[in-house]
Amino acid sequence: MSLPKLQPLLHRVAETGRAAVLFTLDGQPASALAGDTVLTAVLTQAAQLRRNEFSGAPRAGFCMMGACQDCWIATEQGERLRACSTFIAPGMALVTGRSGA
Numbered sequence: 000m001s002l003p004k005l006q007p008l009l010h011r012v013a014e015t016g017r018a019a020v021l022f023t024l025d026g027q028p029a030s031a032l033a034g035d036t037v038l039t040a041v042l043t044q045a046a047q048l049r050r051n052e053f054s055g056a057p058r059a060g061f062c063m064m065g066a067c068q069d070c071w072i073a074t075e076q077g078e079r080l081r082a083c084s085t086f087i088a089p090g091m092a093l094v095t096g097r098s099g100a
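Numbering (numbering that gives the first Met the number 0), first residue to last: 0 to 100.
Simulated from the structure, these hints should not be mistaken for laboratory data. Careful, some of the hints might be misleading.
Simulated restraints, written as ranges between beta carbons of each label pair [as the list claims (entries may be wrong)]:
id : residue 1 : residue 2 : range
1  : 66        : 33        : 24 to 30 Å
2  : 19        : 53        : 35 to 41 Å
3  : 21        : 54        : 31 to 37 Å
Note that beta-carbon positions come from the ideal geometry of N, C-alpha and C, so glycine has one too.
Using the sequences provided together with the hints, build the complete structure.
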């Protein structure tokens, strides 16, 4: 199940001159900028990072320093990443709608 198409949560206003990094988000082509975290890359494309596996509530990260574990996201291969402390890499295939992601 994919997240609903809503306006992106984040809008880039600075540092727009960095190189583009191509990745996929729920099977769709997406792009970020070199040096972005996975969290930034996803939230400039979507309204939320994932849904809470217990309540279904939308989540977008919390502490932004890797301590709370609220920003876990899955890759298409099933690997779990901390989105706030993992840098986006070319070719990453991320899944936001998977339960437990």
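Determine which of the earlier numbered hints do not hold for this structure and return their numbers in increasing order. Failing hints: none at all.
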